[in-house]
Amino acid sequence: MTTTPKRDSYDVVVIGAGPAGLAASATTAQAGLSTLLLDENAGPGGQVWRAIASTPVTAPEQLGADYWAGADLVKEAQASGAEIIQRATVWSLDRRLEIAVSSGGASAFVTARRVILATGALERPFPIPGWTLPGVMTAGAAQTMLKSSGLVPDGRTVIAGQGPLLWLLAAQILRLGGRIDCILDTTERGNYFAALPYALDFVTSPYFAKGLAMMREVKAKARVVTGVSELVASGEGQLASVTYAARGHRETIPADLLLLHQGVVPNVNLAMAAGVEHHWDDRQLCWSPLTDADGNTSVVGIAIAGDGAGIGGAAVAVLRGRIAARAAVESLAPAAIAKLDAENVVRTALAQAERGRSFLDVLFRPAPQFRIPSGNTIVCRCEEVTAQDVLDSVAIGATGPNQLKAYRRTGMGPCQGRLCGLTVTELMAQARGKCPQEIGYYRLRAPVKPITLAELAAGPKTEDDVKAVVRG
Amino acid sequence: MHRDYDVAIVGGGLLGSAIAWGLGRLGKTVAVLDEGDIAKRASRANFALVWVQSKGLGMPAYTVWTVRASESWARLAAELKEQTGLDVSHQRNGGFHLTLGEAEFEQRGQLVTRMHNQVGAADYRMEMLSASEVRKMLPLIGPQVSGGSFCPLDGHVNSLRTYRAFHAGFRQFGIDYFPERPVSAIARDGGEFRLSTPKGEIRAGKIVLAAGNANQTLAPQVGLAAPMGPTRGQIVVTERTMPFLPHPLTTIRQTDEGTVMIGDSKEDELDDRTLKHSISAVMADRAQRMFPHLARLNVVRSWAGIRVMPRDGFPIYDQSETHPGAFVACCHSGVTLASNHAFDVARMVAAGALEPELVGAFSARRFAGDSAVVNNQY
Amino acid sequence: MFKRSDQDNRLSVQIFVDGAAVAARQGDTVSAALLASGRDVRRATAVSGAPRLPYCMMGVCFDCLVTIDGVGNRQGCLVPVADGMQIEIQKGKREIGK
Numbered sequence: 001m002t003t004t005p006k007r008d009s010y011d012v013v014v015i016g017a018g019p020a021g022l023a024a025s026a027t028t029a030q031a032g033l034s035t036l037l038l039d040e041n042a043g044p045g046g047q048v049w050r051a052i053a054s055t056p057v058t059a060p061e062q063l064g065a066d067y068w069a070g071a072d073l074v075k076e077a078q079a080s081g082a083e084i085i086q087r088a089t090v091w092s093l094d095r096r097l098e099i100a101v102s103s104g105g106a107s108a109f110v111t112a113r114r115v116i117l118a119t120g121a122l123e124r125p126f127p128i129p130g131w132t133l134p135g136v137m138t139a140g141a142a143q144t145m146l147k148s149s150g151l152v153p154d155g156r157t158v159i160a161g162q163g164p165l166l167w168l169l170a171a172q173i174l175r176l177g178g179r180i181d182c183i184l185d186t187t188e189r190g191n192y193f194a195a196l197p198y199a200l201d202f203v204t205s206p207y208f209a210k211g212l213a214m215m216r217e218v219k220a221k222a223r224v225v226t227g228v229s230e231l232v233a234s235g236e237g238q239l240a241s242v243t244y245a246a247r248g249h250r251e252t253i254p255a256d257l258l259l260l261h262q263g264v265v266p267n268v269n270l271a272m273a274a275g276v277e278h279h280w281d282d283r284q285l286c287w288s289p290l291t292d293a294d295g296n297t298s299v300v301g302i303a304i305a306g307d308g309a310g311i312g313g314a315a316v317a318v319l320r321g322r323i324a325a326r327a328a329v330e331s332l333a334p335a336a337i338a339k340l341d342a343e344n345v346v347r348t349a350l351a352q353a354e355r356g357r358s359f360l361d362v363l364f365r366p367a368p369q370f371r372i373p374s375g376n377t378i379v380c381r382c383e384e385v386t387a388q389d390v391l392d393s394v395a396i397g398a399t400g401p402n403q404l405k406a407y408r409r410t411g412m413g414p415c416q417g418r419l420c421g422l423t424v425t426e427l428m429a430q431a432r433g434k435c436p437q438e439i440g441y442y443r444l445r446a447p448v449k450p451i452t453l454a455e456l457a458a459g460p461k462t463e464d465d466v467k468a469v470v471r472g
Numbered sequence: 001m002h003r004d005y006d007v008a009i010v011g012g013g014l015l016g017s018a019i020a021w022g023l024g025r026l027g028k029t030v031a032v033l034d035e036g037d038i039a040k041r042a043s044r045a046n047f048a049l050v051w052v053q054s055k056g057l058g059m060p061a062y063t064v065w066t067v068r069a070s071e072s073w074a075r076l077a078a079e080l081k082e083q084t085g086l087d088v089s090h091q092r093n094g095g096f097h098l099t100l101g102e103a104e105f106e107q108r109g110q111l112v113t114r115m116h117n118q119v120g121a122a123d124y125r126m127e128m129l130s131a132s133e134v135r136k137m138l139p140l141i142g143p144q145v146s147g148g149s150f151c152p153l154d155g156h157v158n159s160l161r162t163y164r165a166f167h168a169g170f171r172q173f174g175i176d177y178f179p180e181r182p183v184s185a186i187a188r189d190g191g192e193f194r195l196s197t198p199k200g201e202i203r204a205g206k207i208v209l210a211a212g213n214a215n216q217t218l219a220p221q222v223g224l225a226a227p228m229g230p231t232r233g234q235i236v237v238t239e240r241t242m243p244f245l246p247h248p249l250t251t252i253r254q255t256d257e258g259t260v261m262i263g264d265s266k267e268d269e270l271d272d273r274t275l276k277h278s279i280s281a282v283m284a285d286r287a288q289r290m291f292p293h294l295a296r297l298n299v300v301r302s303w304a305g306i307r308v309m310p311r312d313g314f315p316i317y318d319q320s321e322t323h324p325g326a327f328v329a330c331c332h333s334g335v336t337l338a339s340n341h342a343f344d345v346a347r348m349v350a351a352g353a354l355e356p357e358l359v360g361a362f363s364a365r366r367f368a369g370d371s372a373v374v375n376n377q378y
Numbered sequence: 001m002f003k004r005s006d007q008d009n010r011l012s013v014q015i016f017v018d019g020a021a022v023a024a025r026q027g028d029t030v031s032a033a034l035l036a037s038g039r040d041v042r043r044a045t046a047v048s049g050a051p052r053l054p055y056c057m058m059g060v061c062f063d064c065l066v067t068i069d070g071v072g073n074r075q076g077c078l079v080p081v082a083d084g085m086q087i088e089i090q091k092g093k094r095e096i097g098k
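Residue numbers (this note's numbering), protein chains in the order written: chain W, 1 to 472; chain D, 1 to 378; chain V, 1 to 98.
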């Protein structure tokens, strides 16, 4: 398995081998552009098609057709001529389209004429009291264990939150004989009414029938509590129970495992560190890059495809990947455009795949009490900073996340704000009576993932660089 | 926002905050006008050294001013702790500038000699130590370390916590802190100053311009000058590790949290958003040659800051003759000099007059008619 | 907390956790193998010593930090197991030389 890029420069570098990245790299490579696809995991598929080339859960009805649809795209990318390197972590991308990637313990530096970021999404933080206890994980984590290793919960298991992925996970766990004691649905009742205007689009979308079938499948086998408005995880050094409140009653459920999920949000770190402008998306309650119809961003030469450009799901990601790739081909090798699918075909398919998204966004808008904690609830997991600490900093004059970072170290840990950034922005917005756009976000820089000092030290250096450092 | 204050400070960084805090401590009413969340803010981008050695070559008065700050820092730390409960982890047990290879050792030795020979300089006991002498104090140094200079007065502090402590202290003293209020115009009218900001006007009997590099544009508004020569510096920060570095170096220090800061560069580039990894590579390489075990630590952050740097590297303290009651204060060493700013400069501002014995050498009149760019230490 | 699906017919791999032999499967990440082992694999944070287990299993939370073959602070959820691998659960700050 090759760990070092074969060339110093490529026409196109694609970062992330999930649906968008696989589609983009396959497309540009098929058009004859030199293409490098870099992915951090051991195998392709990103999150939604995780371990698709290696999963032990091979009976197709267990992970489902949407999962296995990815297998063809993986084969297409692998046959396309794109150079694919797994276990390669990109830690820097800048405006000059210079990429630093760590692979096999060493860093390589490549340049590109076009970069397509397909780094996808991550779970929205779910900062409830006790969420840092051992035994509390994300639904995505459980799904990763299931897909990659065929592992399912077998202890006292509670799933809490909302959104389509939560039902998908529950269904997959139950199909594999795993145990679910209770599902605590935090969908706000009022959202059903708010989502009505979008209901027609949803009902005529691909998601409706699948979603309904899955919920029925799960509800037949697991206890479900709806209208959950409070959640607390408790235990001494380890999760022991989950307490919830729903429609006026309260219950404590003994638990060894709590799986939390309230949607996914773009993983913005690499894009922001590269200087890509983002704005606060109040529909999806997250930071989204400003992009045009081809996925081009505010940085010339960098496009974003997939959930990193705004949550849309796998089918949408594939199509956005194709569109971004097409734009790259148009710009770098216009004669090869004829080899690609007609643009209107792709865009029509995209519109179809995007139907129903608004309904989901509105229905599954996470409730504020689950996005904005208070008191001793941990906001920054890495540096162990609480909600009250954040409010104290606002009280002495911190106006945004960067001053807060100076005062309390939020965002200084290795995760670089991935698990606290949204919470911090919204908590400060609420405390100051401003909107999140005004509050802003952490200013991110490379390395966006940690690398060793030795690896950094081994990078190229010039005499001028030495002179700038060695003084006196 | 039309309240009259005794003093308005333009700039809420370490320097402005120290002076404001010191004025509050003397019972004055103070307003601090600051920028917002996104600002250059050298106070968030420094190496946190409370440093004496190698300061003041070319201006002996600066060595005196620096040693004074070094001696009074412990008192500042104690008062901040008493007032806010925050321990800023001030440590003063000596610091090093280590050299790699013989040529660097020679060069450093020459600097030490030049500084010893300065007439009028304070005695700060900086001396050259051989590699084996250094190893007695820093057991984990690598074989390429050829020795270095040591000064027993050097130390460091948690500068971010200090910054936080000053701002927490504002509340105790009833100092008004106004973020998101950059000053666009300064007028003097009827014996008081009027500062224009996007959110209204502030009036004060006296003002202190403590806006870092921006003092260069603000100072002329009160008939003063503050020629600045900023440079960019990059820093690399590692994850936490067990304590291994009992003394700070000019280029490596271990924080009270356990993280390791590695620096630093001096570049003419003034964009603090972009980084040159090749420079980080040089710093990282030197760090692992100084302490080989650092090689396997993970770098979790790197950043760049724009140094507040008066053109010759030495502080500027001035009071206006055309606008009585207006002061200018800026320097590179906002951390080291914080105690002087809090105790001495605050006292002078409160009294309405700078004290020539302490800060007379730092007037910007020294730049008049002179195009020399002297300082090369930073 | 977790059990293996009985359709899992991947090859067995033996790893060592704080010296004790643990059975894993080819393709497991270190974190998955640890969570499946039934052992207490909680780490203690470098900030306060608080106990933690992996949270996200996708490389963004850094709660899965573990020492692998003598190298500390590796993200266990991103490293595939290998036969003979030595894993140590971390308590606190990274040790010198590890």
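Keep in mind that the hints were calculated from the coordinates and are not lab data.
Even for Gly, the Cβ is constructed at its ideal location relative to N, Cα and C.
There's no promise every hint is true.
Output of the computed footprint for chain V on chain D, the stretches with three or more beta carbons under 8 Å from beta carbons of chain V [unchecked claim]: (1) 236-245; (2) 293-299.
Taking lysine to aspartate or glutamate and the EDC-like style, the derived pairs with C-alpha atoms no more than 16 Å apart in a straight line are [unchecked claim]: (3) D/266 with W/463; (4) W/467 with D/268; (5) V/98 with V/69; (6) W/467 with D/321; (7) D/40 with D/180; (8) D/40 with D/312; (9) V/98 with V/40; (10) V/98 with V/83; (11) W/461 with D/267; (12) W/467 with D/271; (13) W/219 with W/181; (14) D/266 with W/464; (15) V/3 with W/392; (16) V/91 with V/18; (17) D/81 with D/104; (18) W/467 with D/104; (19) W/434 with D/312; (20) W/434 with W/282; (21) D/266 with D/201.
Hint numbers the structure violates, sorted upward?
-> Structure breaks hints 6, 8, 9, 10, 12, 15, 17, 19 and 21.
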